[in-house]
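Got two chains here, separate frames each, mind docking them using the hints?
These are the residues of each chain, in order.
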Amino acid sequence: MANRLGIGKGFQHEGQNTKTNVGEPERVVSVVAGSALALFGLSRGKLPGLALTLLGSEAIRRGVTGHCYIYDAVGANTATTGLSDQVSVPHDAGIRVDKSITINRSAEDLYRFWRNFENLPHFMDHLKEVKVQDNTHSHWVAKGPLDSSIEWNAEIINEKPGELIGWRSMDGASVPNAGSVQFKPAPGNRGTEVTVSLKYDPPAGKIGAAVAKLFGEEPDQQISQDLRRFKQVMEAGEVPTTQGQSVGRKV
Amino acid sequence: MKALCFNGTNDVRIETVPDPKILNSRDAILKITTTAICGSDLHLYDGFIPMVKPGDILGHEFMGEVVEVGKDVHNLNVGERVVIPFTIACGRCFYCEHDMWSLCDNSNPNAETAEAMYGYSGSGLFGYSHIYGGYAGGQAEYVRVPFADVGHQKVPDHLTDEQVLFLSDIFPTGYMAAENCNIKPGDTVAVWGCGPVGQFAIKSAYLQGAERVIAIDRFPDRLRLAERFGGAETIDYSDEHVVERLKDMTSGRGPDSVIDAVGMEAHGYTPDAIYDRVMQAPRMITDRAHALRQAIQACRKGGTVSIPGVYGGIVDKLNMGAAFGKGLTFKMGQTHVHKYMQPLLDHIKLGDIDPSFIISHRLPLEDAPEAYKMFKAKKDGCTKVVLKPGMTRQPESEDTHAYAAAR
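So the protein sequences, as listed, match chains A and B.
Everything in the first sequence is counted per numbering that gives the first Met the number 0, starting at 0 for the first residue and increasing by one.
Everything in the second sequence is counted per numbering that gives the first Met the number 0, starting at 0 for the first residue and increasing by one.
Treat the hints loosely; a few may be bogus.
Claimed, not checked - Now the stretches of chain B that chain A is said to cover, found in silico as 3 or more residues with beta-carbon under 8 Å: (1) 6 to 18; (2) 106 to 116; (3) 127 to 136; (4) 152 to 165; (5) 202 to 215; (6) 314 to 326.
Keep in mind the hints are simulated off the structure, nothing from the lab.
Quick caveat: nothing in here was measured; it's all calculated off a predicted structure.
Ideal placement from N, C-alpha and C gives every residue a C-beta, glycine not left out.
Chain B extracted, bound-state conformation (with noise of 0.2 Å):
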């Protein structure tokens, strides 16, 4: 089959690879009929997450058509359509009963890597390198799902690949991280960065009962999508002081919770930010961290600081005694993906939201290699690329036209 694997820092290939196999007694084996991109398949393709191998298959969203189950795999029938959680998960350890799936005891090959590395190991991912457990990807035509008893969603005929192919990461990204918020009648949250997640993330406080959300990115095309799409109110961090702006816009009281969903390479304008690239190029540091601390300056005294954006290792210059000094609780990790495929299936189904609304590019698999590098280089109003196995490709890309012209 084809398949999308990495090579190497700012290299990925389409290359022919052998197809997957039934493994163990909870396998399945997908034919893939929509894939996706996702903005942390970056922090992969930058180089910035340790141990992941050139010949790794990447790609942790997609969805599919059944072709083969494990002799313990009950409930999935050949031919079922369905979408898979990216976290890996047994479905029967301590913390998979407590729904907290992403901290599965029992997915990761690899948890001595992760021991050594933090402490404990979290669940195994799809295409997320070795210290999750080095699991091939669904950037490709095939994919096996391991515990697919457990790891998958049904999805009615009536809804399209793209209206529930999220359902496997950024809504219910977007959606736990402002769950994670513990909104209140009233409150103010403010997401700093306006992809995908941070789009969840806006949809998702409204959702659950924000008086007001309030977006902060840089690209123009992102702004506006958070503002026609999401309802926000927005600032464009390089041309506004934030926290000062933030402070203004809630009459000196500050947001009730924040949301960092850019992660560990944030971009910015202030010395801590410039700092950060300085260290991190020779890997003096592995994240930067400016978007989490421009939010930690930001929020009131007793909020809440939610991380959906990711986080690899080592962070330097966190004001600690700002997180002390307001009370701060801090709530992150992982989306425990599994709790939220059935809830937020019932939004889509209900008309509250319509995922495909973040998609900007639709491309045949085999493009993947240029597709990653637009989505870098944000290029094109690139937002979300999915990807299709087998969809002929189109001389112009007349979705592009369309996006763009929506706005």
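The shape of chain A in the complex, shown without the other chains (with noise of 0.2 Å):
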């Protein structure tokens, strides 16, 4: 599935908590600094030696197991990640949000639309543009922290006409980014089902998201919002507001 949503196995295998997250040579090293840690512990008892003891055997558990408690908690990993050349995001990184709206219009209008990438940032909200620079290439610019602009250039993977779409960001992204949207037609002629999933990996992994959450740029909610715009647009033509209308003086 996650093969022909066009993003490879970089959607798969995500949320155990006892994950390897300590790379190799990490792992020796903890191993043999926690023992050492260790055995001065009980040299020298008492309760700073019991300290030291529980400390070396934590570092050396997290030697054996290849896993560490505390680089879960801040999001980080010094573990090999295993790159396939289909993947942008290392599948044990970054965030990924999977939202489905359907839309009373036909699959391929839909498609047609959302394959000029141009069309993006009509509905996508951190999106100030999207330059299409051939048939599978093209430069996105979207919007970064403090009024700032986060640039990369993309490339589609994967494509059925009418059916599927799925990108990537190529190397040397600041935020490496994939994305896929699949078209379905919905039972009873309810219009088409559009499935988006989009996965990206901010620089300060899950802290960077957790502080992109306290600015109101909650992942799960822009992507919500923005097939909102897209459904609004295609069905309506136009997204509702309310800005700018007439209204009294405020109490």
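Put into structure tokens, the structure is as follows:
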């Protein structure tokens, strides 16, 4: 399924909290240093000695299992990630959002509108501009923190006309990301089910997303709102608004 | 321009606000010729609908003359005279295409808020809280009409504003309430509330073939209006036991369908009504459902409960066992106004009904704050106020006397 969506195995195997997140060299260091610390602690005795022993034991456990709770908490990972050539975001890093909406238009119409990436900023709030460079390559400009911009190049890596489009950022993107959109007829002439999967890897890992959330950039909600606007643009031809309407004095 | 703005509970004022502008390509701007105060505006005035903000322009029953159209409105011209449905609908989503216009997917800019409260969002409404989109209403000199290409009804010159204005809400609302009853020959329909929607429900039930309509209220002038203009039998709930009386009047069968044209601020004298008042005052509950409870109790087995009265939130002590035990059908919701405007205009043209019978007061827009007070207190035989921007204030309203004399 993930392959069909065009984003490769990057979208599988997430969420186990005992997964390996400590790299090989660091694990060796962890075991050696932990053992030394534990022995030193035992030789000292008393309370400070016990503390050192416990600390050392944890370092040994971390080295043996390859899993660090502190790394978990801060979203860090020093283990190798096994990048495949289909994946721009490592599979156990980053943030993934899946959202779906039903739109009262044909899959073909929706596909055609989306396929021209220059249309995306019409309804994707975080995008400033997308410039299509050739049939598969495009340049994206998104809003960054504090009025800055984040730019990257993207390529289409999977495509079935009228059904799905998959893309990913090219090497060198400061926020590596990948996405796919799938168009499937809804049952009983209810329009088309549009499913979007986006994955990106903010600079400071999960902390970055937590900070972003504070600023109302919660990705899940963001994509929901983007899809609602996509539906409004495709069905109603405009996004409803009251911005700029008549209003009395606010008391 | 001048507009009637909400300032707080029981506090509405005429203020000078910026004129409306075209904001989207399917918008139109209307110069209002006649607007009205709806019974449901009183729920806002009384502070029972959440998320009404100071400065919000109220009013969802209005008509006027087109003064400007957006670039994608091709079926309206400047100068044309139109009535606007109070529900705002895109005309192209699944719901609009299935004639469920008040459930439009695309017209509420605050859909997230409505979803948090109701699971999914209905359509936007003019001047009816930010849950329903926060759109500026039409108790003003001008109004912006979104999706104007599908949201308008052109009206012929030979009909007056007062004859067609109520196509915007209360006539379709009363008509849909009756239609939801699925009236069959021989049916008796009981209607709670003889305000404007109740009066139109009575008329509509007869238009749809009801044998008898029984109307319930406590205000003598409203009951008289139901008898005289609607041709209904009446029950004054302040001195009769409604459920027993309805049973007697139908030889023990009960009404085939019941219409709650009262909604969330019902009055009553029974313990449940007093309980509601006690609980609603500190907002322990949001809606007082006395009329609905009584309607459920009174409805015959297998009958239909039709609810055009507005509810906003949580209802307490509803006898679900009675509804279940009698196999009742419930039909309700905001009116799909777009669906009814043309057929009901045809009824008006044919002379089947002249909706202006409901009007008790005609006032300049500037008098709207006093009109709200009067309508809330149901003073001076106030059943329906129409407001006209630019109308000169008359020293003593002759209409009121003429209206009182007509009864």
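Do the hints match the structure? See the list:
1. 6 to 18: Per the Cβ count (7), the hint holds.
2. 106 to 116: With 5 residues in contact (Cβ-Cβ under 8 Å with chain A), the coverage given for the region 106 to 116 of chain B holds.
3. 127 to 136: holds (count 4)
4. 152 to 165: With 0 residues close enough to chain A, the hint is violated.
5. 202 to 215: violated (count 0)
6. 314 to 326: Contact hint for the region 314 to 326 of chain B vs chain A: violated, 0 residues under 8 Å.
Consistency note: the structure conflicts with the earlier hints numbered 4, 5 and 6.
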